[in-house]
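Using the sequences and the hints, build the whole thing.
Protein chains in written order, with UniProt numbering: chain Z, 1 to 435; chain H, 1 to 435.
Worth flagging that the hints you see were computed from the coordinates, not collected in a lab.
Only a predicted model underlies this, so the values are computations on that prediction, with no experimental measurement involved.
Everything hinted at is true.
Heads up, simulated PhoX-like pairs for lysine-lysine below, C-alpha to C-alpha not over 25 Å straight-line:
#  : chain 1 : residue 1 : chain 2 : residue 2
1  : Z       : Lys131    : H       : Lys183
2  : H       : Lys185    : Z       : Lys131
3  : H       : Lys250    : H       : Lys337
4  : Z       : Lys185    : H       : Lys131
5  : Z       : Lys131    : H       : Lys197
6  : Z       : Lys283    : Z       : Lys337
7  : Z       : Lys197    : Z       : Lys183
8  : Z       : Lys250    : Z       : Lys337
9  : Z       : Lys183    : H       : Lys131
10 : Z       : Lys197    : H       : Lys131
There are 2 protein chains.
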Amino acid sequence: MPQPRQMHLGVFVLGTGNHIAGWRWPGAAQSFEDLSVVQEIARIAERGKFDLIFLGDNLSTDPGMHPSFAARFEPITMLAALAATTTHVGLGATASTTYNEPYTVARQFASLDHLSGGRAAWNAVTSSGEKAALNYGREHPRHDARYEIAEEFVDVVRGLWDCWDDGAVVRDHATGRYIDPAKVKPLDHEGRFFRVKGPLPTSRCPQGQPIVLQAGSSEPGLNLAARTADVVFTVVQDLGEAQAGYQALKSRMARFGRHPDEIAVLPGVMPVLGSTTAEAREKLNRLQGFVNPGNALVMLSSRLGQDVSHYPLDALVPEDLPLPDTSHGFAGAMLAKAWRERMTWRDLFNLAGAARGHWVVAGTPEEVADTLQQWFESRACDGFNILPAWFPGAFEEFVDQVVPLLQRRGLYRRDYRGNMLRDHLGLPRPRSRLF
Amino acid sequence: MPQPRQMHLGVFVLGTGNHIAGWRWPGAAQSFEDLSVVQEIARIAERGKFDLIFLGDNLSTDPGMHPSFAARFEPITMLAALAATTTHVGLGATASTTYNEPYTVARQFASLDHLSGGRAAWNAVTSSGEKAALNYGREHPRHDARYEIAEEFVDVVRGLWDCWDDGAVVRDHATGRYIDPAKVKPLDHEGRFFRVKGPLPTSRCPQGQPIVLQAGSSEPGLNLAARTADVVFTVVQDLGEAQAGYQALKSRMARFGRHPDEIAVLPGVMPVLGSTTAEAREKLNRLQGFVNPGNALVMLSSRLGQDVSHYPLDALVPEDLPLPDTSHGFAGAMLAKAWRERMTWRDLFNLAGAARGHWVVAGTPEEVADTLQQWFESRACDGFNILPAWFPGAFEEFVDQVVPLLQRRGLYRRDYRGNMLRDHLGLPRPRSRLF
Ligand SMILES: Cc1cc2nc3c(=O)[nH]c(=O)nc-3n(C[C@H](O)[C@H](O)[C@H](O)COP(=O)(O)O)c2cc1C
Ligand SMILES: Cc1cc2nc3c(=O)[nH]c(=O)nc-3n(C[C@H](O)[C@H](O)[C@H](O)COP(=O)(O)O)c2cc1C
Chain Z
1 MPQPRQMHLG VFVLGTGNHI AGWRWPGAAQ SFEDLSVVQE IARIAERGKF DLIFLGDNLS
61 TDPGMHPSFA ARFEPITMLA ALAATTTHVG LGATASTTYN EPYTVARQFA SLDHLSGGRA
121 AWNAVTSSGE KAALNYGREH PRHDARYEIA EEFVDVVRGL WDCWDDGAVV RDHATGRYID
181 PAKVKPLDHE GRFFRVKGPL PTSRCPQGQP IVLQAGSSEP GLNLAARTAD VVFTVVQDLG
241 EAQAGYQALK SRMARFGRHP DEIAVLPGVM PVLGSTTAEA REKLNRLQGF VNPGNALVML
301 SSRLGQDVSH YPLDALVPED LPLPDTSHGF AGAMLAKAWR ERMTWRDLFN LAGAARGHWV
361 VAGTPEEVAD TLQQWFESRA CDGFNILPAW FPGAFEEFVD QVVPLLQRRG LYRRDYRGNM
421 LRDHLGLPRP RSRLF
Chain H
1 MPQPRQMHLG VFVLGTGNHI AGWRWPGAAQ SFEDLSVVQE IARIAERGKF DLIFLGDNLS
61 TDPGMHPSFA ARFEPITMLA ALAATTTHVG LGATASTTYN EPYTVARQFA SLDHLSGGRA
121 AWNAVTSSGE KAALNYGREH PRHDARYEIA EEFVDVVRGL WDCWDDGAVV RDHATGRYID
181 PAKVKPLDHE GRFFRVKGPL PTSRCPQGQP IVLQAGSSEP GLNLAARTAD VVFTVVQDLG
241 EAQAGYQALK SRMARFGRHP DEIAVLPGVM PVLGSTTAEA REKLNRLQGF VNPGNALVML
301 SSRLGQDVSH YPLDALVPED LPLPDTSHGF AGAMLAKAWR ERMTWRDLFN LAGAARGHWV
361 VAGTPEEVAD TLQQWFESRA CDGFNILPAW FPGAFEEFVD QVVPLLQRRG LYRRDYRGNM
421 LRDHLGLPRP RSRLF
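Structure follows, in structure tokens:
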């Protein structure tokens, strides 16, 4: 009997909430620099049988940013701390392909995969923010150059993950041999950007290979995703556009010899729940009322990849605004919506302040479940990356009020079927390609 | 009433034991790739009121190495996992100043310090093994060049740790202001090797600055330590030499305007305990009997920083062997002992196999406590970095049999007096130098 198709769910973790002013909600967590806050989020995610929790990262900061961007931890370090206090939920973190070394990144995620018993996921990003360069004493490579580097970077990391075959650690007490050297090989990579000999000093991961996430939506970003990703995060504001984007990515996979089911596409969505539609909208308005426009301006300029702080707040967003070199996903989806709906800069600030450009769905639990079901069944996605406006309350509401509806409708698992993230995603454990 | 001078104790953590064949001891832990093994070691360390646990690191591997060098985790990731399941013990890990970026290292240890409530320590090493270069597509800088880079690297990391003043996160619900921008400054470092703007995206650490460990013993290594370290690991084989080295380091601190008490010098020692002296020696012989000479050769060549595999095992170690560019500490201490005691290569293999060149003390708990007391009181050190031959047994023996003797003699704390590593070390919390 074939399994019915079911959703995958992730949660985008920012301690002070995904809404820029989420920390101002009564009872909301006040800090992303607090392990206990994130441990509680992880517990709620496991109660909701989530596939994964996700921690993003940026390589520069500004005190005017979203509070959880301005003051936070290095995400792999944070996830490793969570590995010890969780049992099932996948642990995804961002690491840049532009400002790291593949040997280091491969080691970190291999270590995290072991520490968590097979739950590590790497969000490979090219780092769109050019201010990162100032912290690394370098020139920020251009958009397409960053993706050329990223293509090779991902291959090197995956190659390093393949350097140990299963069963290499033999621990033979009779002979004193601890490792079978025939099961450990160098990678001997010599490419355009990287020379990496290998092997890693870490044996093969529980998952074989940790999961690879990706979130780019430019042409080279889609190619990288279609070729290498297991999970793709998208930015959506419109069902038709989401369906088209989904279809485009899935059909692109064939170019790389892959089956469409090998990638789960998860758009970001901020659910705002109320016992009536009006109450949900009221909640969203109250949240929006907390937004400090000064902050929203800094953040919107960074979301759009260009300084827009000189525009009058109540002018229409001009239709000839250029698409920047940096982040096609957010800028594209937000600007398309602004033009479609003839938004002012203030409207766009509100949109960006709410969920940084992601889709916001306000309604009753039934309405939200209906919408998610519609998107899922009409092949706009394979599930969702949930962006609770604040923690833990808004996340608990989703897990306690919407998840049970999805379960009752057969759209979502009632329990984990395995312990590894691969199990949740329904992906087989890959064999090493070096043996 | 002035506190009497008391020892500081660290434990060098290698899952399969510090002895190269420690895993072959009955009941010994079998893997360094096992969080539960290291969690148990950390529990024992806290029972023994240890200052810190320490995880080393190397940036290349070889299946013939010490099993816990060949197959292990990236140490910061591992420590972060331990942060969640420990409460007092300091968490020290190695990160290279030659193959990392200061912005990344500063973030990792700042994050670890927050996650652990003020228990992070960074062992800043220059990476002596030239094979690291092959994994990073680079030339391995020469010894003295590595230290020039390290001097600047450590300053940048410490500068980044100073970018946030205490109290910068205000979370003002009335105004919506989350951060006071006057309390966050860039570093604006422009040096010979690094250009780093800052600030970090992480607020000031619980310890103000994480602790800095160092373990170099060359001339430039001692300068770096005298100027910047809080704790120094040494390699010793002889009381007189240890006293001279201790005195030399402490007096060198004055050049940098520091007081001798601002550094704790901890030589590595492997205690092997028995209910009689003969039983302890018997245990050590049994351990040495487990050594596979093939492994010892690979490891000894790496310890001495030169290929010595062509020498006949039973020839004397030649007195004209050059001191390598790589690791003065181990090579120097081991070769001095070999020449002093007219050792053959086989003897030296045994020495290196036992504790990688560190000092081995076999005896009853009283004898071991006497020796440690003598070294401590005669100013050869400020405490010890304990290298149990295997885990958990040999470490439990030390904690249960030797630590109580040291406590009874007033040489060692009976309980922690604070929660942070700085508290254990008796070091004040530094103010930011940027404010
Ligand atoms: C859900 C989601 C999470 C993201 N997380 C990060 C992140 O943590 N760090 C980052 O630099 N970029 C992040 N991005 C940005 C993208 O990964 C990508 O780098 C950016 O959109 C530019 O790529 P593109 O031009 O191909 O769209 C994220 C995007 C999405 C949709
Ligand atoms: C207890 C101890 C631990 C050490 N741990 C590491 C380590 O984890 N990684 C490393 O590359 N070097 C390590 N070293 C080596 C030294 O930090 C140093 O790099 C080496 O001795 C070369 O420096 P020198 O020439 O100044 O002696 C360690 C040394 C000692 C004594």
